[in-house]
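Chemist: Each chain is listed here by its residues.
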Amino acid sequence: MMLSLLVFLPVFFALVVAIWPQKSTVRHLALGFSIIEFLVSLLMLQKFDSNSAALQMVEKVSWIDRFGISYFMGIDGISLMLVMLTTFLTPIIILGSWKSIDQRVKGFHSALFILQTAMLGSFLAMDAILFYVFWELSLVPMYFIVGIWGGSRRIYATVKFFIYTMAGSVLMLLAIIFMMNLTPEVTGGVMSASLLDFYKLEIPFISGDFFTTQTMLFFAFALAFAIKVPMFPLHTWLPDAHVEAPTPGSVVLAGVMLKMGTYCFLRWVIPLFPEATEHYGWIFIAAGVIGIVYGALVAMVQPDVKKLVAYSSVSHMGYIIVGLFTMNAYGLNGGLYQMLNHGISTGALFLLIGMIYERTHSREISKYGGLASALPIFTIIFVIVTMSSIAVPLTNGFIGEFLILLGSFQYSPAVAAVSVSGVVLGAAYMLWMVKRVFFGPKGQLVLESEKDAHHALHDLSAREIVVMAPLLLMIFWMGLFPNHFMDYSKVSVDYLIKNKMNYSFPTGAEQAHTEEK
Amino acid sequence: MNSAITIGLSDILLISPMIALFVFSLIPLTIKVLRGNREQNPAASMIEALIGLALSAALLIVFSGNGGATAFNGQLAFDGLTLWIGLISIIIGGGAIVMMYENPATRGAQFSELLFLTLNSLLGALILISAVNLITVFIGLELMSLSLYLMIAMSHEQKISKEAAIKYFVLGSFASAIFLYGVSFIYGSTGTVSTLDLMKNAELLLKNGNHLFLFGFAFIVLGFCFKVSIAPFHAWTPDVYQGAPTPVTSFMATSIKAASFAAFLRIIASKGLIGSDNLFLILQWFAVITMTVGNVAALIQNNFKRTLAYSSIAHSGYVLVGVIASGVSENSAYGASSVVFYLLTYSLMTMGAFAILSMIEKDENNFVQTDDLAGFAKNRPVLALCMTVFLLSLAGLPPALGFFGKLYLFSAAVNEGLLWLALWGVINSVLGAYYYLRPIVVMYMKDGDCNTSPQSNYATAVVVVISALLIIGLGVASGPLFNMIEKSLG
Amino acid sequence: MPSTSFLTDISINHYLILSAILFSIGMAGVLLRRNIIVLFMSIELMLNAVNISFVTFSHYFDKVDGQVMVFFVMTIAAAEAAVGLALAVSIFKRFKEVNIRFFEHLKG
Amino acid sequence: MSHQMLIAILLLSPLVGFILNGVRFRSSNYLLAGSIATGAVAVSFACAIALFMQLVGLPPEQRRLTVSFFEWISVGSFKVNAGFVVDQISAIMILIITGVGSLIHLFSIGYMHHDKGVTKYFAYLNFFLFNMLILVLGDSLLTMFVGWEGVGLCSYLLIGFWFNDSAKAAAGMKAFITNRIGDAAFIIGMFILFMTFGTLNMHELNGLAPTIMESSWLGAVTLGTLMLFIGATGKSAQIPLYVWLPDAMAGPTPVSALIHAATMVTAGVYMIVRLNPLFVVAPNTMMVIAIVGAATAVLAATIGLTQTDIKKVLAYSTVSQLGYMFLAVGVGAFGAGMFHLMTHAFFKALMFLGSGSVIHAMHEEQDIRKMGGLKKYLPITHFTFVLGWLAIIGMPPFAGFFSKDEILWFAYSSPRGHILLWIAGAIGATLTAFYMTRLMALTFWGSSRVDKSVHPHESPLVMTIPLMVLGLLSVIGGWVGIPHVISEFVGHIPNFWEHWLEPLITKLPEASQVAHSATEEWALMGVSVSLASISALAAFIMYTKKAGAADKVANAFGPVYKLVDNKYYVDEAYFGVIINPLVSASRDLWHYVDVNVIDKATYKITDLVRGGGSFVRSLQNGNMQQYAMYVVLGVVIALSYMLVG
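Protein chains in written order, with numbering that gives the first Met the number 0: chain A, 0 to 516; chain B, 0 to 489; chain C, 0 to 107; chain D, 0 to 644.
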């Protein structure tokens, strides 16, 4: 029941928030709820057995038995940390949007909770259709969050976001349906949408022939996830969505939603289509590498601070893609770790940008300058997060990026050689931005605010510091003691690598066997 | 047919839903006549009609719930298909009647007559659904359509409703004539017009290239295609849907379309046609064209009703995919069930969307543009939410019912190897998403003061909310529902 | 070049061809004429072509049911005519026009 | 106290100082901030001494104190501990870092007392020391890399300390990004070594180093070490990545002394010395290092000739001196490299602090053309500066003489040395003598060109004490490594330095092949010292006695002078050839790829769909007869297909 509780508690919260009569306390209520949710997830974490690669806390109830669709949830080391990330970020998001969301507050929090359900569900669903339901469901609240509470071009952005993602996922739906029709081979004549049965399928693959079943399915799935990630060249929805999204929307989007794409590569694509992954993985590596460099270069010349961070996401997600498709321990662990890192550091960056936007109502880099003297605490936090983002050692970003690069080096030194340029370019665009925004003589915005007593720039309030504190804590905790986090996923990842050609979750006995070896 | 004609009680019981419909259709009219041509309280009329529908539905469940029965020597089949589509038509028709009660264009001095026509149209639909004999099909079709022509024209103020009626009438009769011509050919080539009989040697006839049969069959199929607005026979649909009063449009787009598809399915899903690849190939092309035409045309519409009309065309295309899937092989009732399920889904969500539109219309000359919906979410949050549910369901987003409908439909198609149809279907649902999102965008993200019309709209609102809840609820519980459908069809 | 027997021996084909010709004329009428009343008449013509065809086949098979069908068709044609004319009256009241080219407000 | 504890305190003490000062960064109480910070470093220094003593107490082969606090990263076979090691090399480093560091902290109390951000400054400084200690103590390349990047970060923060000045902030950024280029290579180097040897632990790596020389350029060790060396060029400001160091002078002067002279910039040399067994088996790498080092030594020295900013002169001098160190390790004289590292730390820190004292006295004036005759106002500063000057130009018996001489000797005599390398070194030494003397002359000697509004004054004791201590070290610091020829001459003074480092330094395998005589050594030593003396004298005359001579020379050399004066246009070239094209290319990428290609492609699809919609719309023209025609057409097409197909 643990996982169901975890997933559906937010729906309940959403309902309560929606019908809550008192407008002034909705935020408090939502915050309380999100913290409860986080506590529940901690409880789950505590129950989780990190020494096992098996699917844990399994819940399986037949749902649509005609098609073998079941309500099938489970958690393993790969999804665990992402679930934690989701529940961890939500209270922060709610507290972070305390001031910035001042219209339709109830609606916003309901949408956020539904979104949380959808995201958690996507991470935990082990049934293809159930997964697809959550996957698509996540679009709707996000669509509203961007569309209602967003900036001036929000409608364009949100529709673009929706259509792009949906365009990708319908092909996946078709692929799922197709695979469901294949399952009778392995289940003895009954259709099944269970991931476990999908894993059992031996999908024909002919190397060199592009139009084989496995290759087609591989690309149908991969396209959906690649758009979500987003992988170059399917990334153009992301900058628009980020720029127009309200701060909490950006944080969820960058923090968790993009991870859905990368996670699903790990959960669906790689184990389901091992031959195709092996055969066509280079395409993704190449796209990832291009994404790293391209995202960084384009980020460098953005005039809008948020857009810059959005493109930096493209670059960072490129790292993750590279890491995953190297298919070795370093790359996979690093990629998984980088997902968390990116969630935390980019989430923090978006929060910070939101805070400054609330004060100045501008995101144009050229209008800033000299903020550091006006907002010292803000600057310090921003610089720390920047360091995490550009992967300075002892911050979380370094661990992920280093392992990914190591993995890519093992895959091919050439890949590592190109990817490593992201290390330099990342520093370049972030620090250049920091320099233009915070340093130098006072810019237009700072001067204006000095003249106008009503709009004086105030440094971070206690609430805002509380919002940032857990993120800063995580930045250093994850940078200093990565094992605290990786230990949960290591076994699963190792198991995946060892059995990548014929992956399935180990049963208890099998697990013991592999450990003895 | 040479055997002795015996009509027993069982026949009467089986057709009792139809009788109930007919009797209840007379009640408001009779009362009006008795009152000296003065309308009684429309609410009372509506309730009488609804009771008739409920009774009819109940009788349908009671007497044909077991399935497999036929009446009048096999002329009317009361099997699972009849049961389910009949229920859908009747229940969704009830929604339309509620809308008629409150919509300014239909509420007027002739409400009793309108109800009479509606119930008779439903009666025609029931005949159409259950008919086995092609002539009976024709009779059902005509009863249904003739009532509709008048219903469309009954809005007193609207010029365009007259235009719509005349267009529908001319084109409908034209198609009926073609259909009938096809029936005569069939009769000429096989000597029978009972589908059951003629399907026995249909395969042979098709294979041998019996031109008469081929022409006849093609005419029949195309006649159905016309009724369910399959491109290129769809051209009447947008105009008529737009011109008709919204409740009538809703009725046409849901109950009538479901009934027509049922009859279509009954013919196509006959096992006699397996092997006639040419027929199915051309139908596949029609399906593809229909989906595409419906969606791309809906994309650039500004009138909301017209958008929904084109969307209804696109959905016909999806359903046709299922119809084809149910026809191409000898599989179980999988494909047919997916069609029935989809029709249920489609009817619910389309009716919901039209109901909200009907509530927004201020008077009978009111044309609601999509942009007019601005601000609806602020003024009517619950209704806007319901509208969102309908639209997202139409777009095929989980966990709404529409998603499962599409899932089963495309799954059936994939199961039959019609991957490319499914592919085209899912691509089209992306196109669809684009225009289904637009009203949502306008409702939620633009400033305006759209509201429901000041007249009371409670009844319609109830219908809307119930449909929305059903869409979500049935979406989650779609498995058992599908099982039930498949069981009763299989 | 039709043989002479074509003109003298009246076979089933003659009826069918007649029916087809009538049907086509009706069809052409629907497609080409502008007057709404003429359009209705064309449709009637099509239905009657069908009737000929039914009777022909009925005779050919020596079965009576084809002729029964004709009665059904005739009834429905009558109903259709009634409805059609009612609509024509109604639309004339609004548009003061029977030329269908004036009924093109709904489009796009 | 156990060495584990000592190492922990050594590391954490500056961190605590950083946190204590960091949380109250707004305070302008310079005394409190300075005391905390200096105290923290002093504690570290004490620990360093204690550790050194423990090390001395052990037999030479066992001089290795290790501690591993926790397992930091463990993925697959990649395992890195938060492990630290104090051995002969790192012991020297921690002594230098904490020793010189505490002096500089002390100096800073005086230097920074008027600055509002003084607490922040001390916090950064402590944080720097923390990272620097991690760098030198780290037992694996990755731990070292943590410090490596950490000092880069601190350097960034401190260079841009006065961030309201855009140029200073830019300088910080430039330093970080340039360093990052090196770091990227460093990372690749680590990968190569890890993939080859399966570990990043430096002790294990040294142990695993192959015994057979790698002659190929593409050998794993060669490539790996080469990549590490590129990393070192970034951190230690060598060609081609030296450009950040002169700009780094934007930071407060004590920072320049600590980071950009004494400690951080020598990290590259330290890293190579640490891994000397690996570098030894990669002669090609060694060759590159030697050449780059020699080239940097000369190039930077020439630029130093024309600089007019007192700190810039010192900065180029630092680059040049670092070049010497690389020259040393490049020819296999690791001990000599370390030796010069140490002496340079003394005298260059001294000179930077001295310049700080001057700048302090001159009210932030840094242009030496506006100084002159400061001798009488700043006697202590002048005196100590003279000591530093004598040390750097290599006058015996000052510290610089011994170390530089050893380097030059090895450049010539080592089997991997070459006469050209010696010549380059000698030229560098000559130039160094010239521009340092020029600096002295323009600053302290000659007639005063000081602006009337400025009244120079000697700095307070808190600033001059560190100068005096460092001055003393600049004199005697070289005596721990007196070369054999001299020690034999004066009476067998043992070469402590060589003995101390011996266990960790790999002898070049080809060492025995060539024999060099003591005469040669004496001769070369004489030549270099006399060259330096002559050039120093020339500079002295030129800049104090003969006004205008310098201009004449400059005019005589015309274009060459202009080239040198503009630092060979390297910055301009980097901007013109790399950075600006990259930025504009990025802008083009954005506009063309994102906006014009990808987005446009999606718009094209939308247009196509909309076009289709318009087409359908045009078919839907309201004419019912046309609709009927569609029906007929549909029937005809379907029928013909069924008949024909």
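The hints are simulated quantities; they were obtained by calculation from the structure and are not laboratory data.
A hint or two may mislead.
[Said to hold, decoys possible] Quick list of in silico lysine-lysine cross-link-like pairs, DSSO-like style, CA-CA up to 30 Å:
#1 A/Lys105 <-> B/Lys158
#2 D/Lys603 <-> D/Lys375
#3 B/Lys445 <-> D/Lys115
#4 B/Lys445 <-> A/Lys159
#5 C/Lys62 <-> B/Lys361
#6 A/Lys159 <-> D/Lys78
#7 B/Lys445 <-> D/Lys599
#8 B/Lys270 <-> A/Lys105
#9 A/Lys441 <-> D/Lys115
#10 D/Lys78 <-> A/Lys497
#11 B/Lys158 <-> C/Lys92
#12 B/Lys158 <-> A/Lys22
#13 D/Lys78 <-> A/Lys46
#14 A/Lys366 <-> D/Lys115
Chemist: Look at each hint and say if it fits the structure.
Modeler: Tested hints:
no., hint, verdict
1, A/Lys105 <-> B/Lys158, "45 Å, violated"
2, D/Lys603 <-> D/Lys375, "79 Å, violated"
3, B/Lys445 <-> D/Lys115, "51 Å, violated"
4, B/Lys445 <-> A/Lys159, "17 Å, holds"
5, C/Lys62 <-> B/Lys361, "58 Å, violated"
6, A/Lys159 <-> D/Lys78, "44 Å, violated"
7, B/Lys445 <-> D/Lys599, "26 Å, holds"
8, B/Lys270 <-> A/Lys105, "55 Å, violated"
9, A/Lys441 <-> D/Lys115, "17 Å, holds"
10, D/Lys78 <-> A/Lys497, "19 Å, holds"
11, B/Lys158 <-> C/Lys92, "10 Å, holds"
12, B/Lys158 <-> A/Lys22, "48 Å, violated"
13, D/Lys78 <-> A/Lys46, "27 Å, holds"
14, A/Lys366 <-> D/Lys115, "26 Å, holds"
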